[in-house]
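Take a look at the letters that make up each chain.
There are 4 protein chains.
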Amino acid sequence: MAGSTFGNRISITTWGESHGAALGVVIDGFPAGLKLCAADIQMYLDRRKPGQSKFTTARAEGDEVEILSGVFEGRTTGTPISLMVRNNDQHSKDYGDIATTYRPGHADFGFHEKFGFRDYRGGGRSSGRETIGRVAAGAICAKLLRELGIEVFAYTKSIGDITISDFELGYRDQNPLAMPDSKAADDAAEYLAACMLNNDSAGGVIECVITGVPAGIGDPVFDKLDAKLAQAVVSIGAVKGVEIGDGFKASKNVGSLNNDEFEMNCEKVVKATNHSGGILGGISDGDDIILRAAIKPTPSISKMQHTVNEAGEEVDIEIHGRHDPIIVPRAVVVVEAMCAITVCDALLGHMTDRVEYIKEFYKN
Amino acid sequence: MAGSTFGNRISITTWGESHGAALGVVIDGFPAGLKLCAADIQMYLDRRKPGQSKFTTARAEGDEVEILSGVFEGRTTGTPISLMVRNNDQHSKDYGDIATTYRPGHADFGFHEKFGFRDYRGGGRSSGRETIGRVAAGAICAKLLRELGIEVFAYTKSIGDITISDFELGYRDQNPLAMPDSKAADDAAEYLAACMLNNDSAGGVIECVITGVPAGIGDPVFDKLDAKLAQAVVSIGAVKGVEIGDGFKASKNVGSLNNDEFEMNCEKVVKATNHSGGILGGISDGDDIILRAAIKPTPSISKMQHTVNEAGEEVDIEIHGRHDPIIVPRAVVVVEAMCAITVCDALLGHMTDRVEYIKEFYKN
Amino acid sequence: MAGSTFGNRISITTWGESHGAALGVVIDGFPAGLKLCAADIQMYLDRRKPGQSKFTTARAEGDEVEILSGVFEGRTTGTPISLMVRNNDQHSKDYGDIATTYRPGHADFGFHEKFGFRDYRGGGRSSGRETIGRVAAGAICAKLLRELGIEVFAYTKSIGDITISDFELGYRDQNPLAMPDSKAADDAAEYLAACMLNNDSAGGVIECVITGVPAGIGDPVFDKLDAKLAQAVVSIGAVKGVEIGDGFKASKNVGSLNNDEFEMNCEKVVKATNHSGGILGGISDGDDIILRAAIKPTPSISKMQHTVNEAGEEVDIEIHGRHDPIIVPRAVVVVEAMCAITVCDALLGHMTDRVEYIKEFYKN
Amino acid sequence: MAGSTFGNRISITTWGESHGAALGVVIDGFPAGLKLCAADIQMYLDRRKPGQSKFTTARAEGDEVEILSGVFEGRTTGTPISLMVRNNDQHSKDYGDIATTYRPGHADFGFHEKFGFRDYRGGGRSSGRETIGRVAAGAICAKLLRELGIEVFAYTKSIGDITISDFELGYRDQNPLAMPDSKAADDAAEYLAACMLNNDSAGGVIECVITGVPAGIGDPVFDKLDAKLAQAVVSIGAVKGVEIGDGFKASKNVGSLNNDEFEMNCEKVVKATNHSGGILGGISDGDDIILRAAIKPTPSISKMQHTVNEAGEEVDIEIHGRHDPIIVPRAVVVVEAMCAITVCDALLGHMTDRVEYIKEFYKN
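Residue numbers (this note's numbering), protein chains in the order written: chain X, 1 to 364; chain B, 365 to 728; chain G, 729 to 1092; chain W, 1093 to 1456.
Chain X with its partners taken away, still in its complex shape:
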């Protein structure tokens, strides 16, 4: 496996470059019988679509999804679902220096060393457009999860130093920064405007909450639910850290305060607190799953930077063109997508965990 495939039971394989003909994803192992139409997927893609505010690139892409296989008479068939989005607005410009210069903060140098050359147009495969396939696949997994009573939602928790103090999910979709707190969103917009004036960029933190996951989901050892979520989220470009529950704060706590006590509630085992973030020993504990991803500032800035080109010469570079001054708001739906895929995959895994389940299933 060369890393473009994720998931054990539901496995998704993404493909496509920023300025190639198209991008897409193949979802294998998705169960048969889910009602599905392009609109279900488009809804998610529209949330990551560029050009929706002054804080996102002006690249004009409709990002319209086409279902190429795996759906028949409005339902998934159990066979691979192939989804494609054509690239339309590939400026066939002269890439000039960019073609041979390693942009700071980007994968240019790494790709060159790895493959010997690289598709320099818009970052090629390392572009944020690669996430189109993830979001499309995530939309389908999220739809299945909703039918099981599981909701996945993410939002911007902080931008630069500005952190939400209020929480009103409804507000998330009413501001271009995906913050569920109007005051913080206003402050962040101001901070971002200053960054942009300065030809600079900003970063932030995305939080994702998954409700309704029953206890007992996840595989011990290497495929712990949090370990797979960590891989899923860190695999999104620009993510530099991930936390589950109290995360790094837990490292400063003592056991008696960090442990969540169990208690009974309506004949169900529940936890009195949720420092664990819904996962203990890699297995869901029935509580809300909570994680956070740290996103670095967009590396593409129009400020002058010092770097090196393929010929081994030191050069200065200004990256002009269409770049988001912040990746965070558009990455919110990508985090949601990756979490939905990961949880969906783990849920399927649990169905074969006990001999009694298997005997019950095959009893007829």
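These aren't lab readings, by the way, just hints derived from the structure by calculation. Source: prediction; values computed, not measured. A hint or two may mislead.
[Claimed, not checked] Derived PhoX-like pairs (lysine-lysine); straight-line CA-CA distance at most 25 Å:
| id | chain 1 | residue 1 | chain 2 | residue 2 |
| --- | --- | --- | --- | --- |
| 1 | B | Lys418 | B | Lys547 |
| 2 | G | Lys1091 | B | Lys723 |
| 3 | W | Lys1451 | X | Lys359 |
| 4 | X | Lys268 | W | Lys1451 |
| 5 | W | Lys1235 | W | Lys1127 |
| 6 | G | Lys1087 | B | Lys723 |
| 7 | B | Lys613 | X | Lys303 |
| 8 | X | Lys183 | X | Lys35 |
| 9 | W | Lys1360 | X | Lys359 |
| 10 | G | Lys977 | W | Lys1395 |
| 11 | B | Lys413 | B | Lys507 |
| 12 | B | Lys727 | G | Lys1091 |
| 13 | B | Lys723 | G | Lys977 |
| 14 | X | Lys363 | W | Lys1395 |
| 15 | B | Lys667 | B | Lys418 |
| 16 | G | Lys977 | W | Lys1341 |
| 17 | X | Lys54 | X | Lys183 |
| 18 | W | Lys1275 | W | Lys1146 |
| 19 | X | Lys303 | X | Lys54 |
| 20 | W | Lys1455 | X | Lys363 |
[To be verified] Which chain G residues stay away from chain B? Per the calculated CB distances, all over 12 Å, these:
| id | residue |
| --- | --- |
| 21 | Ser781 |
| 22 | Met992 |
| 23 | Asp1044 |
Backbone N, C-alpha and C define an ideal beta-carbon position, used for all residues, glycine too.
Chain X is already provided as a structure; the job is to place chains B, G and W on it using the hints.
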């Protein structure tokens, strides 16, 4: 795959429970021809062995490794390396309440929900002893890496609120807390003593540095080098967060300061700073790889805690017995091991990245 | 994994249904730097294209391939290669009984039991058109193999009772049955004409030869080179058996005659005979790799057949429409493709088999 | 993956060499709650144990299995089951020429080319003893299958030219050749005695029947049930071919006779005949699954053979020592084991094939 296997080319499969007959690991895909003897592995196992200071459990285990296969005349053969450690000090005690009570902060409840019952002796498979297989496999990968000029070393960065301010690697192995700073180690020992007096436990942060990794290592998209490192590290029990390079701090920075400029040094492309932590776009950039793992306080404490048992009754529990008041120092070598395995696997992957490499290899 | 992906290092994922919008394949892990254009792939697709003789279905499909990603400036980039073929000639006919009736010899009943419903149009995912993705991927692997001096070629060995007795590879592409023996091809054509007159169909055997594979390729145990070839070939619809080297005949031989003696030839170890078919203990022995696949007669026949429908009623059915009276000739290139993919994957694997190779690779 | 692991949900990893310390297997993903003790496994191992008749090697091995993990209070726990068999009778003899000479018909040369050197003692990893892990894992899968009403049984179908004409399963275990036909067993014994007198060896065909598998099992495309069975069976050393149902004979048939008509029986869809061998389009059709494996003659013979040594010199060799004059009878249980593992894995896969199954499972 049910989660006990990790790695694409070199894949390790661990097995064993805390109080079962033995624990071990099978390493498949390890290349032939590495000089290897039990002492190479024992050296690493001894670093995680219990009973070495007042800050670790008094359980008396020699943790002596036996090489069962894959080594012939002192060299690896290319076939699976099977390693085993017998459990000796399984107190055949009466587990009493523990057997049917869900310990707060532990995986007991999750395992019960997942599998319908559980090996309650010392946490069974979710015990820290599961890491024996990881450390044994990591020792072998680390040995191969050293032959390629790559060093992996981890240390305790902080315990509770006490963070190292000095760095002298040699000191790491001279104090029971694996801190490379004598002043911090003393302060932390004092803090821990207080926790223990209070029947409580503590957490901390482990930092791992990997030097000598060439640029171009790692797979784009889901198996990015940092994504696999994140999975590897978060899969260690008690880890609640992971950061690469500046991590969460990067989210507060601006692009112009977070980007690392490239420059030439002795005809090599190098970076002037290392905010990236040695990985850009999921691919190594030639700089030191730096990551941090947040470890929660040991959940087993002798303080009274409220919880629930399998019968659905609320009960109080005091967990006596042999528990580490802090997991961090013994987990240092586990983090090292997981990083060594991950990097080793990625290094092998790069060898087939280019047609020119393949033609060169098969030219004769 | 749900079975639409094949290969460890180079992994291919196929998607698409007979009468869906399109079919295709994503090839992940293919090395960077191979010169590649659509014509390289089209050449192979044209060999399996329908409508080329009276012995193949009249369905009019150009099967024109589009490269959607993974190729830049005429070379593979190392990132996923996505290939697509649009379906054009999907007769939007009334499927009538076929939609709800289980055709004998087809996967209809199995798909229904597995997924609860099925895309009944032309067999959906179980159609022979699914092999388009395999052939497209195989074309690329075959091109890489040729650059390493490895040739993969298959041909029709027998149709019904008529077996080739002569061998002239050039003749294979000059008759519609892909037989490298003109006399046998004429006889087989006559036999097939009789079958068709009788509203019946025929089967046959395909032989594949792979030359130039060095000794030492393949993984011991479950991924033996012959085991993976067996999976690859039996995974082609309608294949009911596979043999390597002497195959079933070897079971009647004695050891002294079945063993191939080794000898020296120009300072190379070679075998005096090739009963093994180029593979011993699952690893290539340096000789030609030889395998045969048994193909059953096309199950779709216009002769009246007795069967059952989804309502559980016994019914009679005549399958009219566009069906090949024999699958063999068009499957020849599919066998070639699957063998090329399997060998390519195994060749890459060998590059990391020895520590000395790794040290040599990373010595700079 | 380097080929020592097999299976998607239940995955088994074998390890060990002929003359190493031990051999074994780790079974991951096996569901929790199956009653299991060593005797369940020993029963299968005893069927492949050496030294039970004059037709098997005199090597004296008890092949006693030890359960090292994954079983608690007599039931599987859902965590990895680790099984080990110690090697006792490793004659620490002088291997003399064997150590540096490539035995005809063996993997010696391939291993040397692959890994640069090899464990020459008894074939090392390519020894038939490698199958111990397979049989141990197969025993556990077979036990689970029996609880679901599925039986897997294999037997010797032919030895040399002598094929069974009668079938009485009970007789299989009453003759050393595992033939369910007393007349054929007697004839085969005579044939074998002649081979042995001549310092030669023989081959044969094993047939395996799997009853009770419901329709709908298996994954379309590359992991078709027959494709995985083919890989599983061909991965057993010495297997040179595999057939499902009519196999190669089907290639000579016409569609109208090879197709199995469906009919109703007690409100169940059944087939009137079983040319398909229970699998259509890679998915079980509800009928008995039938396959055959061709086993070559034992390559180790004491007759003089011409070959080459590591120094590149042509030499003559006589292989004395403890070798089976025929592999077939002891391989019968290995074929059974591999089929049990493959079917078990596929059965689990089906449980997540439909959204309705998932909703039913998680409805509470």
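Status of each hint after checking the structure:
For the hint pairing Lys418/B with Lys547/B, the CA-to-CA distance comes to about 19 Å; that is within 25 Å, so the pair holds. A threshold of 25 Å between alpha carbons decides the hint, and for Lys1091/G with Lys723/B the separation of about 18 Å falls inside it, so the pair holds. Between Lys1451/W and Lys359/X the alpha-carbon distance is near 18 Å, which keeps this suggested pair within the 25 Å criterion. The straight-line distance between the Cα atoms of Lys268/X and Lys1451/W is roughly 20 Å, inside the 25 Å bound, and the hint therefore holds.
For the proposed pair Lys1235/W and Lys1127/W, the alpha carbon gap of about 9 Å is at most 25 Å, so the pair holds. Among the hinted pairs, Lys1087/G with Lys723/B is consistent with the structure: their alpha-carbon atoms are about 18 Å apart, no more than 25 Å. For the hint linking Lys613/B to Lys303/X, the alpha-carbon distance of about 21 Å falls within 25 Å, and the restraint holds. Distance restraint check for Lys183/X and Lys35/X: the Cα-Cα separation of roughly 39 Å exceeds the 25 Å cut-off, and the hinted pair is therefore not satisfied.
Under the criterion of a C-alpha separation no larger than 25 Å, the hint pairing Lys1360/W with Lys359/X is consistent with the structure, at around 20 Å. This hinted pair checks out: Lys977/G and Lys1395/W have alpha carbons roughly 21 Å apart, not beyond 25 Å. A threshold of 25 Å between alpha carbons decides the hint, and for Lys413/B with Lys507/B the separation of about 20 Å falls inside it, so the pair holds. About 19 Å separates the Cα atoms of Lys727/B and Lys1091/G, which keeps this hinted pair within 25 Å; it holds.
At roughly 37 Å between alpha-carbon atoms, Lys723/B and Lys977/G are farther apart than 25 Å, so this suggested pair is violated. Between Lys363/X and Lys1395/W the CA atoms are separated by roughly 55 Å; this puts the pair beyond 25 Å, and the hint is violated. Between Lys667/B and Lys418/B the alpha-carbon distance is near 18 Å, which keeps this suggested pair within the 25 Å criterion. With a C-alpha separation of about 14 Å, the suggested pairing of Lys977/G with Lys1341/W holds against the 25 Å cut-off.
A threshold of 25 Å between alpha carbons decides the hint, and for Lys54/X with Lys183/X the separation of about 19 Å falls inside it, so the pair holds. For the hint pairing Lys1275/W with Lys1146/W, the CA-to-CA distance comes to about 19 Å; that is within 25 Å, so the pair holds. Pair hint Lys303/X plus Lys54/X holds up; C-alpha atoms about 18 Å apart against a cutoff of 25 Å. For the hint linking Lys1455/W to Lys363/X, the alpha-carbon distance of about 18 Å falls within 25 Å, and the restraint holds.
At roughly 36 Å from the closest C-beta of chain B, the C-beta of Ser781/G stays outside 12 Å, upholding its exclusion from the interface. The beta carbon of Met992/G is kept farther than 12 Å from every beta carbon of chain B, the shortest such distance being approximately 17 Å. No Cβ of chain B comes within 12 Å of the Cβ of Asp1044/G; the nearest lies about 46 Å off, and the non-interface call holds.
This entry does not satisfy hints 8, 13, 14, going by the numbered hints stated previously.
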